[in-house]
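A.B. asks: Chains as they are written, first to last, in the working numbering: chain A, 1 to 274; chain B, 1001 to 1389.
It should be emphasised that the hints constitute simulated quantities derived from the structure, not laboratory data.
Please note: incorrect hints may appear among the correct ones.
To be verified - To give an idea of the chain A side of the interface with chain B (calculated C-beta under 10 Å), a few residues: (1) G69; (2) N85; (3) P163.
As the list claims (entries may be wrong) - Below are the EDC-like pairs computed for lysine to aspartate or glutamate, each with C-alpha atoms no more than 20 Å apart in a straight line: (4) B:K1166 - B:E1138; (5) B:K1006 - A:E142; (6) A:K171 - B:E1028; (7) B:K1106 - B:E1032; (8) B:K1362 - B:E1345; (9) A:K244 - A:E42; (10) B:K1251 - B:E1325; (11) B:K1105 - B:D1178; (12) B:K1292 - A:E88; (13) B:K1166 - A:E74; (14) A:K82 - B:D1291; (15) A:K253 - A:D37; (16) B:K1292 - A:E119; (17) A:K81 - B:D1291; (18) B:K1006 - A:E141.
Glycine is no exception: its CB is placed at the ideal position from the N, C-alpha and C atoms.
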Amino acid sequence: MSAGISKQANRIDEKFSILNGERKKNLIVYITAGYPDLAATEKIIYALDLAGADIIELGIPFSDPVADGPTIQESGQYALKKHINLAEILKFASKVKPNISAALTLMGYYNSILQFGLERFASSCAENGIDGIIIPDLIPEESAKLLKAAKAVGVKVIFFLAPTSDAARIKLVAEKSSGFIYCVTVAGITGARTALPDFRKYVARVRKFTDKPIALGFGISDAKLLRKVLKHADGAIVGSAVIKVITRNLHKKDLAEKTGSFVSQLRKGMNRPR
Amino acid sequence: MHLPDKRGYFGEFGGKFLPETLVPALRELEIEYGKAKRDPKFLKELGFYRKNYIGRETPLFFAKRLTDFVGGPKIYLKREDLAHTGSHKINNAVGQALLALRMGKKRVIAETGAGQHGVATATVAAKFGLECDVFMGEEDCERQALNVHRMKLLGTRVIPVSSGSKTLKDALNEAFRDWVATVGHTYYIFGTVAGPHPYPMMVRDFQSIIGNETRKQILELEGRLPDYLIACVGGGSNSIGLFHRFYNDKKVKMIGVEAGGKGVGTKFHSATLSCGRPGVLHGAYSYMLQDKNGQVLPTHSIAAGLDYPGVGPEHSFYKATGRAEYHAVTDSEALNAYHLLTRIEGIIPALESSHAIGYVLKNRKRFRSGEIVVLNLSGRGDKDVGRNI
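Take these sequences, add in the hints, and give me the full structure.
C.D. replies: The structure is reproduced here in structure tokens:
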């Protein structure tokens, strides 16, 4: 699928590849880059990779993250106080990527990327081992320039769907999204929840329009919810629940191990070997 | 001028940059507003409330002593401070509340800085029997305590926002976060000409009554159009409200006055158009105050209603095309104007509006005798009494 300078297959495609007629299920883990600092983020990434995270979503901290709840907001503000920036995160990605088997994506708000330069960003992603990008405040209608630049270098652009999306939206997002489609479980912001609304019909509705992989995210906080989600979706994204573990162990020596073991517990609930 | 275009763009500025969850709601709003503004029944209702509830039209008042003091141009004040609730914000709140009713929404939310939009929203919520929550930065709750009290009195829940800089931008963030989760039954009464399409267009349309009346009034009073329109700019709703109708009157110069805080050479100001560059904040591509990495910068102004790092896309368009010019006036210059107008005209202006007056005082030499200046007195200053002196 990917064209341009990157000749090898995109790792997100590999993760969602079809084996014996069935699409592989993926655990996608979000962490905030630079929380509490990049050295810690590096160790956490290796621990997540070891624990079986299939895709690691690295958050670019932003001053005004409107799609995020307090957990992720606070982790981002913490990292920003230490002056983390996108250029550093990209450099960091190129350092960790060769050491992991997980796919690596960036998640960030549009202005960070716009100010970096859309074309420069896409090519930097490709050069530094980023497989895909997720921008919660960018809808397909506003993304033509970025899509073109990303496509040229084989980087996936993952778009969102919501329970409020109608058929026309689903069609458009399914057409424009690559890698997978990020379906938010609830109309709302990120944050660990103890229960989720019934999403079976919603996932089925999206499936009617696409055979692209569907990952559900927002509110998935434990192995039980994860199992439920993966019965219907191809991937599950866990973010705030992981950040909470990081926050609880922020200044401890075994921060990475603790984060890894939380994810490893989640992974066990998936009933699927890596 | 037929802007914005269908995608919500004023030239290169505007658009829709927000989570997918809200896209259907904005589309619904766009369609419903499109119908409403062509519906004689809606327009009649809006006209009724403008006249009998807001108290329009507001006077265009010749400020004789201010004119004498400045010693050059004839200065008229557009008295939006006399509108119900004490500022122009009610023009928009009434319009959007009628729209919310039309759309069958039971709950409204709003963000507020100075509290004027919050009070206007709380007022229409009381009037039309809507549940209402207003988000307000903690710092603003403190410095505009009178308005917090008014909102509570009107039956609105005021939710103090403690994230970020605890001011207007953070109140906006929280309002968006609420709306994403409650969009099924909640209408977001956005307070300024910023945000994602269709808000910049819709709020402008509801505020354009200011310029429509002004144009008619000045023609009656002077038999000609003014030379200058001057208004303060935070998000930009009172200024666009005044400017828009005059867009094609190319001889009428427009001046937007931003909050210069402690000086545009310092880090403590909110002069977005004077000192910022384009980017995406709160749903639109427009000028904003940001660092080199695109992080939104903290702002400062003595006027809570101007203390905002963004600005409406139509202003960015006016700036880029040279249709309007934008300048900054400092806290102390605005304060001087606040005192002066109070003492010589018996009108206590809002600190926000005082910036527009401050510009004229500071740039007296720019204006010639015989010229006509219309200043938008966007709000009254009762809310500011006792805290700034």
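A.B. asks: Decide, hint by hint, whether the structure agrees.
C.D. replies: The hints, checked one at a time:
1. Evaluation of the G69 (chain A) hint against chain B yields a held restraint, the C-beta minimum of about 8 Å falling below 10 Å.
2. With a least beta-carbon distance of about 5 Å to chain B, the hint placing N85 (chain A) at the interface is held under the 10 Å criterion.
3. Given the 10 Å rule on beta carbons, the hint for P163 (chain A) holds: about 8 Å separates it from the nearest Cβ of chain B.
4. At roughly 5 Å between alpha-carbon atoms, K1166 (chain B) and E1138 (chain B) fall within 20 Å of each other, so this suggested pair holds.
5. Distance check on the hinted pair: K1006 (chain B) and E142 (chain A) sit about 13 Å apart at the alpha-carbon level, within 20 Å; holds.
6. Annotation: proposed proximity of K171 (chain A) to E1028 (chain B) holds, straight-line Cα distance about 18 Å (limit 20 Å).
7. Between K1106 (chain B) and E1032 (chain B) the alpha-carbon distance is near 16 Å, which keeps this suggested pair within the 20 Å criterion.
8. A threshold of 20 Å between alpha carbons decides the hint, and for K1362 (chain B) with E1345 (chain B) the separation of about 18 Å falls inside it, so the pair holds.
9. About 18 Å separates the Cα atoms of K244 (chain A) and E42 (chain A), which keeps this hinted pair within 20 Å; it holds.
10. This hinted pair checks out: K1251 (chain B) and E1325 (chain B) have alpha carbons roughly 13 Å apart, not beyond 20 Å.
11. At roughly 15 Å between alpha-carbon atoms, K1105 (chain B) and D1178 (chain B) fall within 20 Å of each other, so this suggested pair holds.
12. Restraint check for K1292 (chain B) and E88 (chain A): satisfied, since their Cα atoms lie roughly 14 Å apart, inside the 20 Å limit.
13. As the CA atoms of K1166 (chain B) and E74 (chain A) are separated by approximately 14 Å, the hinted pair is consistent with the 20 Å bound.
14. Pair hint K82 (chain A) plus D1291 (chain B) holds up; C-alpha atoms about 15 Å apart against a cutoff of 20 Å.
15. About 13 Å separates the Cα atoms of K253 (chain A) and D37 (chain A), which keeps this hinted pair within 20 Å; it holds.
16. Of the pairs offered as hints, the one joining K1292 (chain B) and E119 (chain A) holds, with about 17 Å between alpha carbons and a cut-off of 20 Å not exceeded.
17. As the CA atoms of K81 (chain A) and D1291 (chain B) are separated by approximately 13 Å, the hinted pair is consistent with the 20 Å bound.
18. For the hint linking K1006 (chain B) to E141 (chain A), the alpha-carbon distance of about 12 Å falls within 20 Å, and the restraint holds.
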